[in-house]
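Chain by chain, the residues:
Number of protein chains: 2
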Amino acid sequence: MAVSSGVSAIRRVAIFGGTHGNELTGVFLVKHWLEHEGEITRSGMEVRPFIANPKAVEKCVRYVDTDLNRVFDNQSLRRPADIECAGPTGEHVPTIPHAQTNIQVHWFAQPSRLATVYMRKAVGKWLKLKLKGIEVGPQPQGVIRADILEKMRRMVIYALNFMQEFNEGSEFPPCSIEVFKVLEKTSYPRNENGELAAIIHENLQDQDWRALNPGDPMFITMDGKIIPYEGEHTVYPTFVNEAAYYEKNEAFFKTQKITLSAQSVRCKSI
Amino acid sequence: MAVSSGVSAIRRVAIFGGTHGNELTGVFLVKHWLEHEGEITRSGMEVRPFIANPKAVEKCVRYVDTDLNRVFDNQSLRRPADIECAGPTGEHVPTIPHAQTNIQVHWFAQPSRLATVYMRKAVGKWLKLKLKGIEVGPQPQGVIRADILEKMRRMVIYALNFMQEFNEGSEFPPCSIEVFKVLEKTSYPRNENGELAAIIHENLQDQDWRALNPGDPMFITMDGKIIPYEGEHTVYPTFVNEAAYYEKNEAFFKTQKITLSAQSVRCKSI
Chain A
1 MAVSSGVSAI RRVAIFGGTH GNELTGVFLV KHWLEHEGEI TRSGMEVRPF
51 IANPKAVEKC VRYVDTDLNR VFDNQSLRRP ADIECAGPTG EHVPTIPHAQ
101 TNIQVHWFAQ PSRLATVYMR KAVGKWLKLK LKGIEVGPQP QGVIRADILE
151 KMRRMVIYAL NFMQEFNEGS EFPPCSIEVF KVLEKTSYPR NENGELAAII
201 HENLQDQDWR ALNPGDPMFI TMDGKIIPYE GEHTVYPTFV NEAAYYEKNE
251 AFFKTQKITL SAQSVRCKSI
Chain B
1 MAVSSGVSAI RRVAIFGGTH GNELTGVFLV KHWLEHEGEI TRSGMEVRPF
51 IANPKAVEKC VRYVDTDLNR VFDNQSLRRP ADIECAGPTG EHVPTIPHAQ
101 TNIQVHWFAQ PSRLATVYMR KAVGKWLKLK LKGIEVGPQP QGVIRADILE
151 KMRRMVIYAL NFMQEFNEGS EFPPCSIEVF KVLEKTSYPR NENGELAAII
201 HENLQDQDWR ALNPGDPMFI TMDGKIIPYE GEHTVYPTFV NEAAYYEKNE
251 AFFKTQKITL SAQSVRCKSI
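Heads up: the protein sequence lines correspond to chains A and B, in order.
Just so you know, we're using full-length UniProt numbering here: the first sequence kicks off at 1 and counts up by one.
Just so you know, we're using full-length UniProt numbering here: the second sequence kicks off at 1 and counts up by one.
Think of the hints as simulated: they come from the structure by calculation, not from any bench.
Honestly, I wouldn't trust all of these hints.
Which copy is meant is left open, because identical chains are indistinguishable; a pair holds if it fits in one copy or across any two.
[Said to hold, decoys possible] Mimicking PhoX-like on lysine-lysine, the simulated pairs with C-alpha atoms at most 20 Å apart in a straight line are:
hint, residue 1, residue 2
1, K59, K31
2, K31, K225
3, K31, K151
4, K248, K185
5, K151, K225
6, K55, K31
7, K257, K185
8, K185, K254
9, K132, K151
10, K132, K181
So that you can see chain A by itself, here it is in the shape it has in the complex (with noise of 0.2 Å):
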């Protein structure tokens, strides 16, 4: 069976909780690691925890002037400058900007949010890095519940466990996943003034990940009109009335279920 060899072992891990400052758990489990950090240490590789927006964590908002799920567009990251000053870099992290092969794999603890793929994505692409993202929902503003701490927490864990397993040259078997894929987002309907004209059909409230039907309820307004989804295809909607996406007009994200395959894996200097 044909094995992928082509990847390096991984030496350098950074962490990062509170990319948005108002999303508890990853600010609470960097916070935790940077006090206790034998849980996440492993041999061979270099695990450091930071907290990626501190004045945001001060003050429990999701970001101060600018959020930085929505900086590093494509335009932005043709001018590295900008990276420095704004990027999740900040004064915390002052090593990364000149580390572009030294840190293999960079994970972000941080609950509830897809969007942040995005800046991982850029970000990677220009730092040449291997950015992951784990996110953990649902969860209010600014709350720390125990059972997403807890999901957030084995994650981590695996992850480093599972790239320690790699670098001591384990091969693992080729796999496949079920996921979902972002389609579009879909807006709230607003009146003449700007305003809200419409709210989440309660059928809709709390169905992340469920199936929504051509001809399902998916807004209703005040005087009890239900706006229907009339797309042709069942999508799985996600981010389902979040807090944050108010400001930006979104009410969910459309998505789609995929199936994922990986060849079987090796690390390369075994």
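Chain A is already provided as a structure; the job is to place chain B on it using the hints.
Quick look at chain B alone, frame taken from chain A:
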């Protein structure tokens, strides 16, 4: 049967939403009623909706400089000038400071906050108004849930219908109702740096108004240590893991169940 007939007819009603700018049920309903007054119009009464803290509503934050729930303590109420500056009587509600006998009932349409009861009691005592609050939740900050909105809307409409029937001479029979009375607040455990040392245990999460018995888990530390409730009597927690109360270090409120009784009531002018 004894009938209380000492209560005057209710002629003016103010409905407030947005005392906290990120509690969107009241904001959304008041904005709707400002445009569609028919739903709250009742014969024989003047009913007016208001946004209580328009600056906080614009920014979608709880408050800008001062939490309106916290400005009406006994000390500030001895200085009436402060009320006009900082109170719920801000620029959109110029009539209240001068309307001590005119506004009979002053409704706050606002979700998920018991604490405003303090403000209402204090202001009501000072202004000689009748202040009633409706709070419905739980609902994350910055979100409108259709189910919560519908409950809030129905409760305000029932209250207006009640007032109209009362004004028209209906006699309401005696009744009793089971309620939860706040006993005390429970703080988060903190470490020597003032950081959270434990979070709400998952057995207590989402269990507002449910019995918490002596020995039941209350908090859990990152080391997995469970901190149980060590009181002598069963209590009923509410505001469990409320985002707005982290800054006040309040993990939840303990309440007890009590039964309130009301005698029959009829308008004295009939």
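Going down the list of hints, with the structure as the test:
1. Proximity of K59 and K31 under a CA criterion of 20 Å is satisfied intra-copy only: 16 Å inside one chain copy versus 29 Å between copies.
2. When the C-alpha separation of K31 and K225 is checked against a cutoff of 20 Å, the pair qualifies only between copies, where the shortest distance is 18 Å, while the shortest distance within a copy is 47 Å.
3. For the identical chains of this complex, K31 and K151 are intra-copy neighbours only, at 17 Å inside a copy versus 40 Å across copies, given an alpha-carbon limit of 20 Å.
4. For the identical chains of this complex, K248 and K185 are intra-copy neighbours only, at 10 Å inside a copy versus 36 Å across copies, given an alpha-carbon limit of 20 Å.
5. In this assembly of identical chains, K151 and K225 lie within 20 Å of each other by CA distance solely across copies; the values are 17 Å between and 39 Å within a copy.
6. Proximity of K55 and K31 under a CA criterion of 20 Å is satisfied intra-copy only: 14 Å inside one chain copy versus 33 Å between copies.
7. Taking the closest pair of Cα atoms, K257 and K185 come within 20 Å of each other only inside a single copy of the chain (16 Å); across copies the shortest separation is 46 Å, beyond that limit.
8. Only within a single protomer do K185 and K254 lie at most 20 Å apart by alpha-carbon distance; the minimum there is 6 Å, versus 42 Å between protomers.
9. Taking the closest pair of Cα atoms, K132 and K151 come within 20 Å of each other only inside a single copy of the chain (16 Å); across copies the shortest separation is 42 Å, beyond that limit.
10. With identical chains, the CA atoms of K132 and K181 are at most 20 Å apart within one copy only, with a shortest distance of 16 Å there and 48 Å across copies.
Of the numbered hints stated above, none is contradicted by the structure.
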